[in-house]
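Enquirer: Next come the chains, spelled out residue by residue.
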Amino acid sequence: MDTQHSDARPVLEGPDIARVLTRIAHEIVERAKGADDVVLLGIPTRGVFLARRLAVKLEQITGRTIPVGSLDITMYRDDLRLGPPRALARTEIPGDGLDGRLVVLVDDVLFSGRTIRAALDALNDLGRPRAVQLAVLVDRGHRELPIRADYVGKNLPTSLRETVKVQLTEEDGRDTVLLGVKQTVAGAQQ
Amino acid sequence: MQRHLISAADLTRDDAVLILDTAEEMARVADRPIKKLPTLRGRTVVNLFFEDSTRTRISFEAAEKRLSADVINFSAKGSSVSKGESLKDTAQTLEAMGVDAVVIRHGASGAPYRLANSGWIDAAVINAGDGTHQHPTQALLDAFTMRRRLVGRDAGLGHDLAGKRITIVGDVLHSRVARSNVDLLHTLGADVTLVAPPTLLPVGVGSWPCEISYDLDGVLPKSDAVMMLRVQRERMNAAFFPTEREYSRRYGLDADRMARMPEHAIVMHPGPMVRGMEITAEVADSGRCTAVEQVANGVSIRMAVLYLLLGGAVFDSRNAPAHPQTRIEEK
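First to last, the protein sequences are chains U and R.
Everything in the first sequence is counted per my numbering, starting at 1 for the first residue and increasing by one.
Everything in the second sequence is counted per my numbering, starting at 1 for the first residue and increasing by one.
The following block holds chain R by itself, in its conformation from the complex (with noise of 0.2 angstroms):
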């Protein structure tokens, strides 16, 4: 494991698998009586949001504090940003009071990997989503999520999701979802379908290691999940489609299409839904979307980032080993 999480991209997939297999053991900690564990006793986590978020930051702190680290939260309305402070001072204002761990969730791509590679500050960054460019947690419980459903809850322990076929469908050029689960879901071996209006993939999006589709009806029968992607209209300045409801009628998930998958086959949203848009609500609350199961596998994964960045020693990120050590054999 590298120091910092900034992209997908950047992990392997024994790193992956580790998280993983890491974030399995954290859930169980949600079934116990007391559901705290004191691993991340005495370091501090700062929760960094420039843009909203509701799941993201409410998962984040309920991993932080399930870990029992210092929380503090920040969030750019009615802080010093709006005064007109850089991210420089800002980070150097952290490091002056000895953050361990930044979250930051930022409206421009790139943003986190600034903080992490400037030498401003000396903590973990861990990215919560910047601008179009990445979302790695999102990704890895996404992938959760696929390998509980699709290859088991202990069988999956230890295994990647080789040879299962995703279908992402929907507002590919907007979403650093899109973009995170297509590095992440290579790396493990899985095979990845884009499905969009040709005017909602990026440029560029040829040389993704993933495959294109305009036909959503065709790719249906050949996936094992499908993943929903909301059509996000605040980053929207052009028309990329006619009508709302074209775009729903081509590229939505309604009953009839959803009968088309196969039996297995789960629907999967990163949320907010826009019910009537991309998904029907009838989808939404089947059996088979696992919307809400993914909000709380967010939880998990994201203390088992926590614990795998905060738990062991602070390395120099040159030195640090490449993967952590089991339990020490000799007494």
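So here's chain U without its partners, still in its complex pose (with noise of 0.2 angstroms):
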């Protein structure tokens, strides 16, 4: 897959991304109006990454511990017959739960708004959150489904035959956003 991204160029750097953190934890706060009950689920990989980096911004700003987790929707996917069975990543709930609680989904890349549709159902099987929002890194458009995010980073238009890939040091050693071409034009990818 990383051929693909041979003559890929930068959209966002590490500093960008740090910056496009800080202004989505402020308007988390102005939006919850102080995020008091705040719980921060990022959607593996990149999305959990995301999501830490978000709590320790809004525990700057508030002050406050803010409960952060991990939501794995592999198991929700519409499209599991499409592949071969894929390998599972963590869903950690905090401790406190999600009934009553604002909940905000981190991933790192908006494209169809499947991941976001299946999160959603997986979230209905763990509790009943007050409301939940969405916070992406990049949004690249193309959506196939009635979603959309209530924080972005960078919106991103984007042609489908381009590609997007989000880097992050926890994962991959840098902060970086490519945008690339895709070399053989096989259908959107979710």
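Treat the hints with caution; some may be incorrect.
Said to hold, decoys possible - Only some residues are given here: those of chain R computed to face chain U with a beta carbon under 8 angstroms:
1) Arg13
2) Thr22
3) Glu25
4) Arg32
5) Lys36
6) Leu37
7) Pro38
8) Thr39
9) Pro202
10) Val205
11) Tyr307
12) Leu308
13) Gly312
Derived by calculation from the structure, the hints in this document are not laboratory data.
Note that the coordinates shown come from a computational prediction; the quantities given were computed from them, not determined experimentally.
Heads up, the beta-carbon is just placed ideally off N, CA and C, and yes, glycines get one too.
Combine both chains into one complex, guided by the hints.
Expert: Written out as structure tokens, the structure is:
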């Protein structure tokens, strides 16, 4: 898959990502009127790292600890039967649960919206949040479902021939968002 | 992963570790308020039990239902099998009903293999115990229990059982659990020792990847886990040992013997236990005996196996990808 990114160009670098996350943290505090009942749930793999970073920033702003967890959506995907079985990632719900809380889902790229649809189904089995919001680092468009993000790091208009790849220090050794061109157009992937 | 799960010997180390890791995530579903996942919605699984079973059948049924599969239970008693129907005809009936997977327990060794390789059905076949041959999901849940207790719940993820010393005691001759465990534990890097009276060891046991001993007391201090097997009276048609008391004195696990095991070592039993025979009530009820935990882990392991065999696309076994892909990175 990496070969597709040989001529990819960066659209966000490390410092940009840090600034974007700071802005989203402030927006969350503003919209949630203090972020008293916020729970951050990252969608593996990279959404979890973003959620943890957001939590640190929220703690700096509010001075309170913010519960962070992860929500694996693999078992709720609508395309499970289109490929070989996928390895599962960890679902970790913070101790106090989700009932009555404001859950902010965190993911790296918002594309078709199908991942978020699956995440909403998964949430349904885990509790009853007061409200659910969505924060993404990059919104690349091409939605296939009526889903939108509440907090967007960067709107990145793309064509379906292009690929967007987020790299984060925790997983890839560096922070960057790469925009590349698919070698073969095999239709839209999730 | 192959399309079927017939024998623990068919699993590679990576397959086995993947099943254990998947089961670890499945185990978390049991802690949720809603213990159900939509993953196998619309798939039909038949539990085809030609032999009595409580634990295994209920465990499979619970696993199937937690994954939202449609479950059909079939037991030989009161079915057309008692009227003389053959395995082939039963299989073709199931095929005609559009079954996606068959969980089969059969008294004849090799029946699941026959079902999987005969071309009678397209469904995935999962062996839930065949004669004295194999019981792969039992071996997997035993390995899962060992990994949790001896390596750690989170520390164990991605790891095998390298260097762990496992002792299996009792009626190896009639035990599909012992066969499956020896195969799987060897694949996972553990050192297995079988302890049994010579009459209860099968012919050719010398070629198995394990050690043999007749002295339980000598082996206990060097064991990380001791698995007691039930003496299978129903399969015995000859005198394998003089008296039950003698068997129990030489090969039974009581509190004195348990005290000789290392501090961290666990006692396992696949069930059903015969208290007073291979294990005393005192040992069975102690905190070191994992028999009940093994039953709970069985549901997680069977969910993992069902998910990995049925959760994805159905491939021809020849061109099935060797390993599941991780999340598609590109968005």
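Enquirer: All hints, please: hold or fail.
Expert: Hints, verified against the model:
At a threshold of 8 angstroms, the smallest CB-CB gap from Arg13(R) to chain U is about 16 angstroms, leaving the interface hint violated. Here the hint on Thr22(R) is kept, as its CB sits about 6 angstroms from the closest CB of chain U, short of 8 angstroms. Contact between Glu25(R) and chain U, as hinted, is supported at the beta carbon level, the nearest pair being about 4 angstroms apart and thus within 8 angstroms. Because the smallest distance between the Cβ of Arg32(R) and any Cβ of chain U comes to about 6 angstroms, under 8 angstroms, the interface hint for this residue holds.
The beta carbon of Lys36(R) is positioned within 8 angstroms of a beta carbon in chain U (closest approach about 7 angstroms), and the interface hint is therefore held. Interface restraint check: Leu37(R) against chain U, minimum CB-CB distance 5 angstroms, threshold 8 angstroms, status holds. The restraint placing Pro38(R) at the interface with chain U holds, with a minimum CB-CB distance near 6 angstroms, inside the 8 angstroms limit. About 4 angstroms separates the beta-carbon of Thr39(R) from the nearest beta-carbon of chain U, less than 8 angstroms, and the hint is met.
Below 8 angstroms, beta-carbon pairs count as interface contacts, and Pro202(R) has none with chain U, the closest being about 35 angstroms; its hint is therefore violated. The criterion of a C-beta within 8 angstroms of any C-beta in chain U is not met by Val205(R), whose closest approach is roughly 35 angstroms, and the hint is violated. Interface restraint check for Tyr307(R): the shortest CB-CB distance to chain U comes to about 6 angstroms, inside 8 angstroms, so the restraint holds. For Leu308(R), the interface hint holds, the least distance from its beta-carbon to any beta-carbon of chain U being 5 angstroms, beneath 8 angstroms.
Interface restraint check for Gly312(R): the shortest CB-CB distance to chain U comes to about 4 angstroms, inside 8 angstroms, so the restraint holds.
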